[in-house]
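Chemist: Residue-level listing of the chains:
2 protein chains.
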Amino acid sequence: MSVQERKQRERAERERLIVATARELAEQQGWDAVTTRRLAERIEYSQPVLYSHFRGKREIIGAVALEGATELAGAVRAATSAAHGPRERVAALARAYLDFAALNPAVYDALFQLDGGLAYAQEHTPEPLKDAFAALLESLGEVAGDGVHPGLFTEVFWASLHGLATLTRAGRLLPEDAAQRVELLVDRLAVV
Amino acid sequence: MSVQERKQRERAERERLIVATARELAEQQGWDAVTTRRLAERIEYSQPVLYSHFRGKREIIGAVALEGATELAGAVRAATSAAHGPRERVAALARAYLDFAALNPAVYDALFQLDGGLAYAQEHTPEPLKDAFAALLESLGEVAGDGVHPGLFTEVFWASLHGLATLTRAGRLLPEDAAQRVELLVDRLAVV
DNA sequence: TCGATTGTCTAGCGGTGCTAGGGTTGGGTC
DNA sequence: GACCCAACCCTAGCACCGCTAGACAATCGA
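Chains as they are written, first to last, in our numbering: chain Z, 2 to 193; chain L, 2 to 193.
Everything labelled a hint here was simulated from the structure, so no lab data went into it.
One should not assume that every hint holds.
Which copy is meant is left open, so a pair is good if it fits within one copy or across any two.
Stated by the list, open to error - Listed next, the in silico DMTMM-like pairs over lysine to aspartate or glutamate satisfying Cα-Cα at most 20 Å (straight line):
hint : residue 1 : residue 2
1    : Lys8      : Glu45
2    : Lys8      : Glu25
3    : Lys58     : Glu28
4    : Lys131    : Glu177
5    : Lys131    : Glu143
6    : Lys8      : Glu28
7    : Lys58     : Glu42
8    : Lys131    : Asp178
9    : Lys8      : Asp132
10   : Lys58     : Asp33
11   : Lys8      : Asp147
In this text the structure is predicted, and so the values were computed from the model without any measurement.
With these hints in hand, go ahead and build the complete structure from the sequences.
Modeler: In structure tokens form, the structure reads like this:
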């Protein structure tokens with residue numbers, strides 16, 4: 002039995018290596034540079050090994066996305082729990098979200114831009130994705146305002162942050178005024 | 002001279018055909034299906050002909066994007082000019098924008114998701130892109146509120162719409178509550 | 001020690017964006 | 001009207017992509 006366990010452990014370890022390497026490569030040179038050949042070379046295995054762990058490149062992107070969702074949720078919770086008062090909590094959340102997107106562009110892309118084969122906004126949505134949304138909901142729900150469904154408010158706020166994040170990173174918005182935009186967004190959307 | 006003019010005319014016509022075909026193909030089957038081979042086959046020329054008009058696939062995407070920018074600006078202006086009062090104008094703008102994104106997903110992708118090799122938010126930004134932003138600014142500027150720079154407000158509002166458009170189309174937001182989200186966004190962001 | 005199973009690799013398929021180089025065609029000139 | 005030349009377009013091919021079939025080696029259980 003112990004032999005099988007060791008093998009399983011090694012397999013799991015190699016799977017982590019694949020995901021970590023894909024993420025690293027994507028952050029360094031963009032997702033276009035993450036080819037199965039290059040990825041295989043970096044982990045020092047042949048291409049088919051990748052397919053014994055994942056159905057294809059899509060699933061690898063999906064794995065990076067799930068990892069990112071957990072980290073994003075953690076970053077948001079850390080920021081909000083350190084802030085005092087609803088207004089400041091929301092502002093901290095917004096900054097944390099945008100910082101995460103700016104610092105981990107490839108992971109953010111895996112989560113929200115690329116097709117990782119994940120189900121969103123459904124019952125069989127993976128837990129990390131639900132939890133990331135929950136992390137937003139926790140702080141945003143309290144500033145939704147009377148008569149406004151907290152979930153709906155969170156969706157709108159999230160979409161706004163997502164728009165700022167993607168347009169900024171794609172060069173559609175200049176990064177200089179980023180802080181001002183966040184201020185404006187928080188001031189207008191949040192009811193405190 | 003007349004011969005050269007005719008040739009120039011035919012060349013321009015063929016260029017329009019390329020862009021129109023690329024757009025059509027992208028709307029029918031997505032941008033992934035727009036390969037240089039398929040595109041060449043549809044216009045009934047060989048692949049290298051494409052490269053006598055455009056530097057590469059990127060530039061073709063860029064051409065579709067510019068076409069889309071002009072149409073988007075037109076759609077927004079048509080909607081706002083038919084509405085009465087600032088509040089209703091902004092709501093009409095938001096609906097027109099999101100409708101455009103939903104009805105022309107491939108064009109919207111060319112504009113804001115894909116790399117069409119265009120310069121944004123700079124002085125040498127192509128005129129259609131500047132004009133599309135101007136179309137938003139015209140109606141949004143009047144509801145920015147006191148002390149808020151109209152350009153900055155427009156950027157924030159635009160980013161929010163962009164977030165709603167992309168997240169909805171990517172299946173991250175369910176389309177059922179789309180109208181409610183727009184209502185909320187307009188109510189909170191616009192100062193009337 | 002042997003057979004079977006598991007694991008990995010080499011090689012290759014059909015596709016991608018893009019380009020070099022050879023023909024063919026048609027206009028301008030004598 | 002015949003010729004030359006330039007402009008134009010196509011065939012063929014490059015290196016790369018995601019993915020997989022089938023041969024081979026290593027390891028386990030009997």
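Chemist: Each hint should be assessed against the structure and marked as holding or not.
Modeler: Evaluated hints:
1. For a Cα distance limit of 20 Å, the shortest separation of Lys8 from Glu45 inside one copy, 18 Å, qualifies, whereas the shortest one across copies, 56 Å, does not.
2. Neither within a single protomer nor between protomers do Lys8 and Glu25 lie at most 20 Å apart by alpha-carbon distance, with minima of 25 Å and 51 Å respectively.
3. In this homomeric assembly, Lys58 and Glu28 come within 20 Å of each other (Cα to Cα) only inside a single copy, at 16 Å, whereas the closest approach across copies is 24 Å.
4. For a Cα distance limit of 20 Å, the shortest separation of Lys131 from Glu177 across copies, 19 Å, qualifies, whereas the shortest one inside one copy, 32 Å, does not.
5. With identical chains, the CA atoms of Lys131 and Glu143 are at most 20 Å apart within one copy only, with a shortest distance of 19 Å there and 38 Å across copies.
6. In this homomeric assembly, Lys8 and Glu28 never come within 20 Å of each other (Cα to Cα): the closest approach is 30 Å inside a single copy and 47 Å across copies.
7. For a Cα distance limit of 20 Å, the shortest separation of Lys58 from Glu42 inside one copy, 15 Å, qualifies, whereas the shortest one across copies, 29 Å, does not.
8. For the identical chains of this complex, Lys131 and Asp178 are inter-copy neighbours only, at 18 Å across copies versus 31 Å inside a copy, given an alpha-carbon limit of 20 Å.
9. For a Cα distance limit of 20 Å, the shortest separation of Lys8 from Asp132 qualifies neither inside one copy, at 31 Å, nor across copies, at 61 Å.
10. Taking the shortest alpha-carbon separations for Lys58 and Asp33, both the intra-copy value of 11 Å and the inter-copy value of 15 Å come in at or below 20 Å.
11. Taking the shortest alpha-carbon separations for Lys8 and Asp147, neither the intra-copy value of 56 Å nor the inter-copy value of 66 Å comes in at or below 20 Å.
The earlier numbered hints that this structure contradicts are 2, 6, 9, 11.
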